[in-house]
Amino acid sequence: MSIWQLNNPHKDPKVIDSCSLFGMMDLSGRRFNSKDPVRAIANMHERGNGLGGGFAVYGLYPEFEDDYALHIMYLDMDTKKTVETQLEKWFDIIKSEEVPSREANVSDPPIVWRYFGQPKRGQRPQSPDDYVVERIMRINTETGRAYVFSSGKNMAVFKGVGYPEDIADFFMLEEYQGYLWTCHGRFPTNTPGWWGGAHPFNILDLTVVHNGEISSYDANRRYLEMLGYNCTMQTDTEVLAYAFDLLMRKQHLPVEVVANILAPRLWSEIEKMNEEQRALHTALRQTYGSLLMNGPFSIVVAESGMMIGLTDRIKLRPLVAGTKGNTLYLSSEEAAIRVVSPNLDRCWTPRGGEPVIGRIGKAKTEGILLQEATVC
Amino acid sequence: MLKSYLYPEYYVERDQNKCIRCKVCLRQCTYETHRYDPEDDVMLSDHEKCVNCQRCVVFCPTRALTIRKNPVAYRENQNWTQEAIFDLKKQAETGGIVLTGMGSGKPNLTYFDRLLLNASQVTNPSIDPLREPMELVTFLGAKPNAIEVDQGPNGTSLKTDLSPQLRLEVPIMFSAMSYGAISFNVHEGLARSASEFGTFFNTGEGGLDRRLYKYGKNTIVQVASGRFGVHKEYLDVAAAVEIKIGQGAKPGIGGHLPGEKVTADISQTRMIPAGTDALSPAPQHDIYSIEDLAQLIYALKEATDYRKPVSVKIAAVHNVAAIASGIVRAGADIVAIDGVRGATGAAPKVIRDNVGIPIELAIASVDQRLRKEGIRNRAAIVAAGGIRSSADVVKIIALGADAVYIATAALVAMGCTVCQKCHTGKCPWGIATMDPYIAKRINPDIATERLVNLLRGWSLEMKEMMGGMGINAIESLRGNRLALRGVSLTDAELKILGVRLAGD
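Taken in order, these protein sequences are the chains called Y and F. Counting in this note's numbering, the first sequence runs from 1 upward without gaps. Counting in this note's numbering, the second sequence runs from 377 upward without gaps.
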């Protein structure tokens, strides 16, 4: 049985889950340990059901800053051997090791290894990123027994079946430091199959944690598949990740514009804009209507040096933002922020469809959104 | 003339106790079914003339009339039905082609009734359209794969120029019906209601009367094989231009407006002498290949300064997916596809009932094909042919269409009862006629009001269905086949529709 079926044992057309999100970022780039993020996500224990938890950590491997860090789950040692032979062929691997773990309250962990390296020179005239994505897609679809769940540089995803605090325990996250942590506790409605189905979802440096159900899923999926993405996991989160990859990495659109594609302004709002803005927003909806993420969602998306919080345009899922000094917090619940930072400088509820963006080196979160946000 | 062996299909039942001999029925029936016998002071009916249009029934002030199917019938036979025997007899008596009007009513040609819609329960909330915004705005035209923006000090602005688009407040337009096939008042009703509601009406191939130029912003003008009424002003006044290759009711064959319908007004708009037959050839004589089509598309774009989307309308036939792909690659901004159930003012019955494929299958396979080729966003897809309700609109959009064309539904809203006698030119409801006395029966004000009501009713229903599914913009429905499940469909049918069986 391939891993895709493991993740979706009843072959549901779409895997539905509901969840808790937490994101914490130091905007000056200072690295910090797992204590606060784990405590905060554990505070929202009730929002998950123990069938999935995970973390994305940025600034994790400064010693391998420029190398792709491939993290792979294997179902058996034979697959590991086969995949490693392929990896040797495609990459110059600098270092490979088992991802450290300990006994914890989690079920049925796979074999998890990580590899640091670069694509072999002179392989193809395509960009290294595209090369890596293509190889990952091949590993993930061909063997059916191995899954590359993290592939960025100087970052990693740690995830599995269990409550997030137990996953943190299993992967010994207290050993790591990062300037940006996103966390996820999952409440899937179907049977949990396996570790790869947990959040965050990752492609290169991009990670997505997601709470909600995208009702436009099939429209979004079919559009992305037309443009060459292979949506194998049947989850709306995967679709979100690919949409960000398409719009940000491939089409170089600024993140504010991406937010206005996934959660566009209403026509009634667009009609009130000045001519230039109206032209922009109209063109966005005309061109990218099939990427409108319709239905309830809140997401925390991260990339190297950037964290974005976004909800659907009528805000059917919660998202709270807060700042304290150089730290930006995003969370499903305010209580989870307050538990790690009781005296926030600011705490607000972003409006539906309005992104909260934290960029490294910018001590303030981005402009317009903060101004309109409600201070609680 | 041979003695006719046909018996009356319908039977006019008159309650003589209720009849007040007001002669409304006599005046309303254009087929002269009713007559008055002054000697006995009684109204009589010639049953064999009745087409069951229900005009007299609706207008009888005392409700004295009922039209029944004639209880006389041939011996029951699933194979040799009354319809089959009637057609044979008609042909034996005339030696001609059996003509008919409207769309095919053959069973098993519709898939809409075997497709069911989804709704939200628990995991995502349904949205109440009375409390929350619910957006039906649709744009028809070619969309780029990506846009570019400029980030200046005053914010982000658009760098990419999009090709021209039609903005529809609802994804429902009025399909091509030519002036000549339908009366001026009907055209006016369509034009005015499209303009009032923010959608489009299509002139059909008979040109556009100058009195309707003021609704040009909501008009799609057709360029068909007869090239009737095509001139610079006609193209200039329109919002978009449609090249008509074919029509669902009669794929592969042309049209024929008999000379008696070419009145002075029709002669003006069609630019042909009054009283002459208006013949639309089967093919466009300058389009014998896809490259010829590309030339006409660009000729029209040149003529309109690249300011108007160009649509190409075809009948849904067996190779529709490949043909649609070629049309997109030939430069069309919109591809309109008309299914086998599409209607007509006049067509050989044998063609109407036997040529073409259902619109549901056609749209599903065209949408999938264009996506496979990565060109789905290079043109909008408009579905036509047998769309009866807002549910049909929602279903065909979920299968992959951007918008629909309706014609029969609009005519029914104005009074049509689908009696299938459009080709006689005597439409008692004043729709498919050029007889000024009958055509007056359509009052453009009332027709407009009825059409606007129809569009409003459908859009309210669509919003309810979308809200139930938990989506608040029509673009999230487009091609969203998980919104559909099938019943009573084979695996092969489900595969083409791209839909799972209910319960799966």
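Please note that a few of the clues may not be correct.
[Stated by the list, open to error] Distance windows between CB atoms, simulated: (1) Y:Thr-349 <-> F:Gly-879: 22 to 28 Å; (2) F:Asn-521 <-> Y:Val-339: 53 to 59 Å; (3) Y:Asn-230 <-> F:Lys-871: 43 to 49 Å; (4) Y:Lys-81 <-> F:Glu-837: 32 to 38 Å; (5) F:Phe-462 <-> Y:Asn-230: 54 to 60 Å; (6) Y:Thr-141 <-> F:Lys-871: 35 to 41 Å; (7) Y:Thr-349 <-> F:Asp-880: 56 to 62 Å; (8) F:Tyr-682 <-> Y:Ile-94: 52 to 58 Å.
[Claimed, not checked] Sample of chain F residues lacking proximity to chain Y, with all beta carbon distances greater than 12 Å (derived): (9) Met-377; (10) Thr-514; (11) Phe-515; (12) Gln-660; (13) Tyr-682; (14) Leu-746; (15) Glu-749; (16) Arg-752; (17) Tyr-813; (18) Leu-860; (19) Glu-869.
[Unchecked claim] What the simulated footprint calls covered on chain F by chain Y, stretch by stretch (three residues with Cβ under 8 Å from a Cβ of chain Y suffice, anywhere in the stretch; the number is not a length): (20) 757 to 765; (21) 845 to 852.
The hints are simulated quantities; they were obtained by calculation from the structure and are not laboratory data. A virtual CB, placed ideally from N, CA and C, is assigned to each residue, including glycine.
* Take the stretch 757 to 765 of chain F, compare each residue's beta carbon with every beta carbon of chain Y, and decide whether three or more fall closer than 8 Å. => Coverage by chain Y is violated here, the residue count being 0 at a Cβ distance below 8 Å.
* Distal placement of F:Met-377 relative to chain Y, Cβ over 12 Å -> At about 60 Å from chain Y, F:Met-377 clears the 12 Å cut-off, so the statement holds.
* Minimum Cβ-Cβ distance from F:Glu-869 to chain Y exceeds 12 Å -> holds (18 Å)
* To do: Take a look at whether the Cβ-Cβ distance between F:Phe-462 and Y:Asn-230 falls inside 54 to 60 Å.
  => holds (57 Å)
* CB of Y:Thr-141 to CB of F:Lys-871, is that within 35 to 41 Å? -> Since the Cβ atoms of Y:Thr-141 and F:Lys-871 sit about 22 Å apart, the hinted range of 35 to 41 Å is violated.
* **Distal placement of F:Glu-749 relative to chain Y, Cβ over 12 Å** => violated (9 Å)
* Regarding Y:Thr-349 and F:Gly-879, is the given constraint of 22 to 28 Å on their beta-carbon distance met? -> Cβ of Y:Thr-349 to Cβ of F:Gly-879: about 41 Å, so the range 22 to 28 Å is violated.
* Confirm or reject the coverage of the stretch 845 to 852 of chain F by chain Y under the rule of 3 or more residues with a beta carbon closer than 8 Å to the chain's beta carbons. => Per the Cβ count (7), the hint holds.
* To do: With 56 to 62 Å as the target window, see if Y:Thr-349 and F:Asp-880 comply at their CB atoms.
  => With a Cβ separation near 40 Å, Y:Thr-349 and F:Asp-880 fall outside 56 to 62 Å, so the hint is violated.
* Mind checking the hinted window 53 to 59 Å against the Cβ distance between F:Asn-521 and Y:Val-339? => violated (45 Å)
* Starting from the range 43 to 49 Å, see whether the pair Y:Asn-230 and F:Lys-871 falls in it by beta-carbon distance. => violated (20 Å)
* Non-interface claim for F:Arg-752, where every Cβ of chain Y lies beyond 12 Å -> Violated, since 6 Å does not exceed 12 Å.
This entry does not satisfy hints 1, 2, 3, 4, 6, 7, 10, 11, 14, 15, 16, 18 and 20, going by the numbered hints stated previously.
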